[in-house]
Amino acid sequence: MRFPGLVENEILKISKQRRFRVVVLILVALIGLIVFAQSRGRERFRRGRDWRVQTQERMAQIQNWLRDGRMPAASQRWARFELGRLQYHLERNMDPEAISGPLFARGFANAASYLLLPLLAIVFASDIVSGEFQQGTIKILLTRPVRRSRVLASKLAALLLAITLTVLFGGIVAYALGGIAYGYAGWDAPVLTGFRIAGQSFDPSGIREIALWKETVLVYGLAWFAALCVGAIALLTSVVLRSTAASMGTMLAALIAGTILPRLAPSWDAQKYLFVTNLPLPDYYSGSPPPIPGLTVGFGAAVLAAWAVAATAAAFVVFARRDVLA
Amino acid sequence: MPSGADSSRDPDREVVLSAEGLSKRFGKREAVCGVSFDVRAGEVFGFLGPNGAGKTTTIRMLVGLARPDSGRVRIRGLDLARDFERALAHVGSIVEAPDLYKYLTGRENLLHFSRMLAPGAADRIEELAALVALAERLDDKVASYSLGMRQRLGIAQALLGNPDILILDEPANGLDPAGIREIRRLVRRLAAERGIAVFVSSHLLSEIEQMCDRVAIIHRGRTLAAAPVRELLAQVASDVVRVMARPAHRASEILAEFGPTEIEPDGAADVVATRVPPEKVPEALRRLLAAGVDVYSVERPVPSLEEIFLEITGGETV
Numbered sequence: 002m003r004f005p006g007l008v009e010n011e012i013l014k015i016s017k018q019r020r021f022r023v024v025v026l027i028l029v030a031l032i033g034l035i036v037f038a039q040s041r042g043r044e045r046f047r048r049g050r051d052w053r054v055q056t057q058e059r060m061a062q063i064q065n066w067l068r069d070g071r072m073p074a075a076s077q078r079w080a081r082f083e084l085g086r087l088q089y090h091l092e093r094n095m096d097p098e099a100i101s102g103p104l105f106a107r108g109f110a111n112a113a114s115y116l117l118l119p120l121l122a123i124v125f126a127s128d129i130v131s132g133e134f135q136q137g138t139i140k141i142l143l144t145r146p147v148r149r150s151r152v153l154a155s156k157l158a159a160l161l162l163a164i165t166l167t168v169l170f171g172g173i174v175a176y177a178l179g180g181i182a183y184g185y186a187g188w189d190a191p192v193l194t195g196f197r198i199a200g201q202s203f204d205p206s207g208i209r210e211i212a213l214w215k216e217t218v219l220v221y222g223l224a225w226f227a228a229l230c231v232g233a234i235a236l237l238t239s240v241v242l243r244s245t246a247a248s249m250g251t252m253l254a255a256l257i258a259g260t261i262l263p264r265l266a267p268s269w270d271a272q273k274y275l276f277v278t279n280l281p282l283p284d285y286y287s288g289s290p291p292p293i294p295g296l297t298v299g300f301g302a303a304v305l306a307a308w309a310v311a312a313t314a315a316a317f318v319v320f321a322r323r324d325v326l327a
Numbered sequence: 013m014p015s016g017a018d019s020s021r022d023p024d025r026e027v028v029l030s031a032e033g034l035s036k037r038f039g040k041r042e043a044v045c046g047v048s049f050d051v052r053a054g055e056v057f058g059f060l061g062p063n064g065a066g067k068t069t070t071i072r073m074l075v076g077l078a079r080p081d082s083g084r085v086r087i088r089g090l091d092l093a094r095d096f097e098r099a100l101a102h103v104g105s106i107v108e109a110p111d112l113y114k115y116l117t118g119r120e121n122l123l124h125f126s127r128m129l130a131p132g133a134a135d136r137i138e139e140l141a142a143l144v145a146l147a148e149r150l151d152d153k154v155a156s157y158s159l160g161m162r163q164r165l166g167i168a169q170a171l172l173g174n175p176d177i178l179i180l181d182e183p184a185n186g187l188d189p190a191g192i193r194e195i196r197r198l199v200r201r202l203a204a205e206r207g208i209a210v211f212v213s214s215h216l217l218s219e220i221e222q223m224c225d226r227v228a229i230i231h232r233g234r235t236l237a238a239a240p241v242r243e244l245l246a247q248v249a250s251d252v253v254r255v256m257a258r259p260a261h262r263a264s265e266i267l268a269e270f271g272p273t274e275i276e277p278d279g280a281a282d283v284v285a286t287r288v289p290p291e292k293v294p295e296a297l298r299r300l301l302a303a304g305v306d307v308y309s310v311e312r313p314v315p316s317l318e319e320i321f322l323e324i325t326g327g328e329t330v
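Residue numbers (the working numbering), protein chains in the order written: chain A, 2 to 327; chain B, 13 to 330.
Take the hints with a grain of salt, since some may be wrong.
As the list claims (entries may be wrong) - Okay, the calculated beta carbon distance ranges per label pair:
no., chain 1, residue 1, chain 2, residue 2, range
1, A, 246, B, 155, 17 to 25 Å
2, A, 148, B, 38, 22 to 30 Å
3, A, 326, B, 131, 27 to 35 Å
4, A, 323, B, 82, 17 to 25 Å
To be verified - Residues of chain A placed beyond 10 Å of chain B at every Cβ, according to the derived structure:
no., residue
5, 64
6, 207
7, 267
8, 319
No lab work stands behind these hints, which were simulated from the structure alone.
Here a beta-carbon is modelled for each residue, glycine too, at the ideal position from N, C-alpha and C.
Here chain B stands alone, though its shape is the one from the complex:
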């Protein structure tokens, strides 16, 4: 569980990155529409949304690759559009894949990007290589690196300039479980020990849940107000319960007293989906058993991002 959840809500912490009403359209399609959020020092901020929701377009606007049609990006108070060089000096980022020069070695890549930063960046190469556990392979060509190593080299590159904010776009993509764990540990460590704000995008709720303090959900180009992950999860999915029971119609009759029910046929037994407040679940189960209904399983399904979004916005169509 994230450790810094409480401190990150502390409004005294400096806002390092803020998006103010970012919008971007491609032809007729509104890719991003009025996206706003603040990321504070020392927190890991999740940016959650299904593929195609506008995540990458938003990130490209955050790092200056794309120009917003309207709205503004501020980095430590500096307007990115007006103060490009000074603003980006505080940012380290990996957008989409960790693409580095494959025909250069890891060290040559880091030297290359250190020359684009303030003097002294090259002195951090050894330390950063050790931090991302690449010290031994630093003089090998990047072409020979595994995806996980490239991701770590990408993070080392992003940290070269001693940034206040690290922007990672889908850092878990294509990594094996061990690689994902490693990245997660590294991200938490950077936030906790160095006070770096980390902005992480993902299309997987479980990813964000395990890594982030706060999360903003983006859906069809619009975001919801950022909230701590636990609050968000408590808000949704709290009362949908799927009960596998037989006979299903009997179970449905009983559960209907607790909330609206629905029968879905499912293999061996029938499944009844219902809304039962958590504190009423034991009572509902006692009633089922007393009525002679066989209960095979009770589960609380993890809602999809779409469901969460609709749940929070009250089901209104966006």
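Bound-form chain A, shown alone:
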């Protein structure tokens, strides 16, 4: 009955803290910077030439690399994938490097899903319990006539809301700023999705053509899901470590390890069960070659969900049982 009031409390605390404004600022500044840098790069890249000619040149270049034979296996997989992707676009008479405001917005979700959005989720989640310990307010919070599990549930609800708003806000800013550089039209344009690599060769069987707006909704949904799962895991570190800095540090280390591991140890198969390996869900969906063979959207979402559920359960148990002494 009082639960909405509890959630309101947690939202109030998140929104009144400086970190909220910092997150908004980071998103606007970073997206602005990306748009600026990218549009500059494109001018140099295109120089008014026809995209078909350019795509063919690029394919010839990749074929040369492949013939050369000195490429590591992982790069060869990528090269075959890229070759297939470019080929397919040429056949359909679609510019593989086309850009518009909507396309930029979709691309942002792909790029932000494995580092930026999880990072912002961590910024909110790391503080949500440990902050109360550090300020000493936990002593009042937990001596009010509300069971601890309800207090934590209200925090979880507010956290999920904050992450949802962050992803939405990121998308809106990406579209707004991308639109300045590339125009706002193009939501209905078709895009190709579902490129896959099977073993060492390109597999065109999953390729579909879908409207960009549909694709964008899907991609943001996946990025949102990944960010929520990271938030749930960071909630556990916040509960257990009771220090915002320690919690944030732990989660950051995990994120960074997740981006480095596939490159340093691509043959270690078990890393596909780590949550960080599965954060680029949007990439797995729209079909960049996954870092570890065999990763799919379904598998990644299941692994992430399992981590999130386990972390949330552990957070509730620890939070409800542990004595508050310090």
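Given the coordinates of chain A, assemble chain B onto it according to the supplied hints.
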């Protein structure tokens, strides 16, 4: 002097808070061991002990922050462990420092905590702000409050739920004398006018003496039976007298007839500590003067908490 001393001993008054054999150990260390007491409606109950005696651990068990290894806390008869929400609905507390959200205003803090209580708590905000004299600063950020103001806001927060018992942990810590007086007045008023039971912890005897009706002393995790403050003070420190006199050995010889004496060198004159029953002090002084001993001062020292505790337990080691 406390006014409600007599009424609080009235066994008809309802027991609002009771600790029944609370124990808590951290590893090998027994922090609290079999602590029991009752706090009745309308009384100010002092919980006195040196730092590290187990006060804060006990308080944390009273408000549900820590789980006792054994024993039970009852609030208006409700078992805190089993009936957490209903039991704590009767309690307002400040544990250690009055930590509130510094980035929120006083009003936002009170609104925040009122949402965790039964409906209607928010309607009391204005009244409580006036009671703790914070009405004018209520819309300022807590970060700009002085420690005294934070303490008062903490009390307003604790009173939001119309509690039957108020638990204040070292409320005088860090306050200036004026702030301490204010808190003391407020506590006495809450007990007298609203019939709230107030549980106050302190490591200072003078604090408790001025504020409380009854007191329990905690020492190394164990408590003595609670007693009215005046009885407690009458029981100890009644017969130790320090006499500054010269020549000291002569004074010591004479005073030895009244009780065991001991000479402690002390600057200009020598000090003789002795045990003399209060009614015998005038006679002892007449004897000293008649014998030509110069008496510079006679004082009855306030015993330390440790001394009181040892005195009451008959000096047995705990």
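| Which hint numbers does the structure go against, in order from smallest to largest? | none
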